[in-house]
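S.K.: Residue numbers (the working numbering): 931 to 1265.
One or more of the hints may lead you astray.
[What the hints assert, rightly or not] No farther apart than 20 angstroms at their CA atoms in a straight line, the calculated lysine to aspartate or glutamate pairs in the EDC-like style are these: (1) Lys1051 / Asp1063; (2) Lys1113 / Glu1094; (3) Lys1113 / Asp1093; (4) Lys1004 / Glu986.
Read the hints as simulated data drawn from the structure, not as lab findings.
For clarity, every value in this text was computed on a predicted model and none was experimentally measured.
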Amino acid sequence: MTKQASLTLKSLHKRYGKVTAVSDVSLDLHAGEITALLGPSGAGKSTLLRLIAGLEYPTSGEISSNGQALSSPKSMIPPEKRGIGLVFQDFALFPNMTAAQNVSFGLKTLSKAETSEVTAKWLDALGIAHRSDAYPHQLSGGEQQRVAIARAIAAKPTAIMMDEPFSGLDPDNRDAVRNVALKAIRAANIPALLVTHDPEEALAHADQIAILENGHLLQTGTPDDLYTHPVSKTVASAFGTLHTLNVSDIPDAWRSILPKTTTTLFYRSEAFQIDVSETARTAKIETMARVGATHRIDATLENGSAITLTDVLGTELQKGDTISITPRPSLFYAF
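All chains, full assembly: derive it from the sequences and hints.
M.R.: Below, the structure written as structure tokens:
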């Protein structure tokens, strides 16, 4: 079943003089889903967010919400009337208001009882109800970001735009705050765009990923789609280092199972596994280093070709040892 988009970008362009910041971007955001916008600095991520929020005027193209045009060549709804929730890295809370007052600030059309109910609901959903009477300076960074996200959700926005909202938090806080925040956004059934430069964040937490580079949208899909079926070397590289294996260096036993190429195959370090199956070939460990729970190994195949692999290994292996390995074909790419 095809999902209906809640927020749609169609052929969106943004130019500043002769500089093109966003070029022909089309993207659908769906209710209750997180779309991660991934790309390096200068890719156009923040510009695209500002276009959706109405803080920038598009040069051409259209932005619509549930069929209503927000930006088009013929009309432009101002930011304050779009209902787009914004969450930034710096929290942007009102310093003279408590957590509860910050969350209730945008609920002007509700009665006092309704305001209290909605405020309490989202403070509780974000795990910050016990700090409702605290002022921002009394809250930790993670608590402040929870309040900021509760405030954005409580107003029932058309969509939520988040510009690297978790990057400023310390590692111990980041995962906890991110998990509870994204869970609350999904529960509210709001389409959300998460701007990030962190591929691990995008892969682990997004329902959809859009890769942006130099203002161009290179590929959009689920995390699994983009990781295992990248359309280009640029997209594949967005999720980590790629290694190369020349076609002449591919062992005969692997030629029938790896992608066909006339020049070079690209692969990830986890594209090999230590195994003794029928297609296994031996490799000599040249260097070995622990990377978190895994080991990175530089090895030499029996035909003299150099390869790199990552695997969970026992401490009994060391430099100079011989191992048997087989490839994981889905993590090899011929571009």
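S.K.: Run every hint past the structure and note whether it holds.
M.R.: Evaluation of the provided hints:
Between Lys1051 and Asp1063 the CA atoms are separated by roughly 15 angstroms; this keeps the pair inside 20 angstroms, and the hint holds. About 17 angstroms separates the Cα atoms of Lys1113 and Glu1094, which keeps this hinted pair within 20 angstroms; it holds. A threshold of 20 angstroms between alpha carbons decides the hint, and for Lys1113 with Asp1093 the separation of about 17 angstroms falls inside it, so the pair holds. At roughly 15 angstroms between alpha-carbon atoms, Lys1004 and Glu986 fall within 20 angstroms of each other, so this suggested pair holds.
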